[in-house]
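Visitor: All chains, please: the whole structure from these sequences, using the hints.
Residue numbers (the numbering used here): 1461 to 1623.
What the hints contain is simulated information worked out from the structure, not anything from laboratory work.
Nothing here was measured: the structure is a model prediction, and the numbers come from that model.
Think of the CB as a built atom: it goes at the ideal place given N, C-alpha and C, for glycine as much as any other residue.
Any given hint might turn out to be false.
Said to hold, decoys possible - When the alpha-carbon atoms are kept at most 20 Å apart in a straight line, the in silico EDC-like pairs for lysine to aspartate or glutamate are as follows:
| # | residue 1 | residue 2 |
| --- | --- | --- |
| 1 | Lys1514 | Glu1609 |
| 2 | Lys1586 | Asp1534 |
| 3 | Lys1551 | Asp1579 |
| 4 | Lys1526 | Asp1622 |
| 5 | Lys1586 | Asp1599 |
| 6 | Lys1522 | Glu1609 |
| 7 | Lys1522 | Asp1598 |
| 8 | Lys1522 | Asp1622 |
| 9 | Lys1526 | Asp1598 |
| 10 | Lys1586 | Glu1619 |
| 11 | Lys1586 | Asp1598 |
| 12 | Lys1586 | Asp1520 |
| 13 | Lys1522 | Asp1599 |
| 14 | Lys1526 | Asp1599 |
| 15 | Lys1526 | Asp1547 |
Said to hold, decoys possible - Have a look at the derived ranges for each label pair, beta carbon to beta carbon:
| # | residue 1 | residue 2 | range |
| --- | --- | --- | --- |
| 16 | Gly1496 | Lys1522 | 19 to 25 Å |
| 17 | Val1512 | Asn1616 | 17 to 23 Å |
| 18 | Asn1616 | Val1495 | 30 to 36 Å |
| 19 | Lys1514 | Asp1622 | 26 to 32 Å |
| 20 | Lys1539 | Arg1509 | 40 to 46 Å |
| 21 | Gln1575 | Ile1503 | 20 to 26 Å |
| 22 | Lys1586 | Phe1504 | 22 to 28 Å |
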Amino acid sequence: MLKKRKTAFQLNFELYLMGPVSLRILIRRNSVLGVGQVFQPDIFTLLVRFRVNKIALTSDIKQMYKQILSDQVDQNLQKIVWRNSSDSAIKGYRLSNATYGTSSTPFFATRCLHQLGLDSQNINPKISNIIQNSFYMDDLIAGAKSNIEAIALIPNSLETLDV
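Guide: In structure tokens form, the structure reads like this:
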């Protein structure tokens, strides 16, 4: 039996494995998922570093979770069952991108950014450093010492992030 409970921010799904009354088990998805390692600096460190520069740069990665695609094999682990009414047939859907509301999704998002930073280290060390050290989730909080440096960072960042 699948029970749906709507909260202000997300839909939580609970899976009840039915058996004898004494053996009923409640499994919540987030209770069994790991949250992963932290790859980004804390917000206080970012803001202190941000204030040192003369020129401020801020940006946001639009719909970051939707841009993270799951491997074809892993998509089977993210299925949704749905039906419009109790009379209609149940349909199964596989999710191909990161899922909102799961405890591990922020890790996937920040890990993807971290990997982009590592991959670009030999190509553009300055942008690599910014990607690895100047993001708070999907928000870039960086700066530059001059207008020329700031203007040069924008296209280089966009190219590296493949926007």
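Visitor: Could you grab the alpha-carbon distance between Lys1526 and Asp1598 and see if it respects the 20 Å cut-off?
Guide: Holds - the C-alpha atoms of Asp1598 and Lys1526 are around 12 Å apart, at most 20 Å.
Visitor: Holds or violated: the 30 to 36 Å window for the beta-carbon distance between Asn1616 and Val1495?
Guide: Holds: the Cβ-Cβ distance is about 32 Å, inside 30 to 36 Å.
Visitor: Within a Cα-Cα threshold of 20 Å, do Lys1526 and Asp1547 meet the stated pairing?
Guide: violated (32 Å)
Visitor: Given the proposed pairing of Lys1586 with Asp1598, does the C-alpha separation stay at or below 20 Å?
Guide: holds (19 Å)
Visitor: Evaluate the given range 40 to 46 Å for the C-beta pair formed by Lys1539 and Arg1509.
Guide: holds (42 Å)
Visitor: Checking one constraint from the list: CA of Lys1514 to CA of Glu1609, max 20 Å. Satisfied?
Guide: With Cα atoms ~11 Å apart, Lys1514 and Glu1609 stay inside 20 Å; holds.
Visitor: That 17 to 23 Å hint for Val1512 and Asn1616 (C-beta), does it hold up?
Guide: The hint (17 to 23 Å, Cβ to Cβ) holds, given that Val1512 and Asn1616 are roughly 20 Å apart.
Visitor: Checking one constraint from the list: CA of Lys1526 to CA of Asp1622, max 20 Å. Satisfied?
Guide: Roughly 15 Å between the alpha carbons, so the hint for Lys1526 and Asp1622 holds.
Visitor: Holds or violated: are the alpha carbons of Lys1526 and Asp1599 at most 20 Å from each other?
Guide: holds (15 Å)
Visitor: Verify the proposed pairing of Lys1522 with Asp1599, using a straight-line Cα cut of 20 Å.
Guide: Judged against 20 Å, a Cα distance of about 9 Å means the pair holds.
Visitor: Given the hint that Lys1522 pairs with Asp1598, does the C-alpha gap stay at or below 20 Å?
Guide: holds (8 Å)
Visitor: Please work out if Lys1551 and Asp1579 have their alpha carbons no farther apart than 20 Å.
Guide: Violated. Lys1551 to Asp1579 sits at ~39 Å, over the 20 Å cutoff.
Hint violations for this structure: numbers 2, 3, 6 and 15, all remaining hints satisfied.
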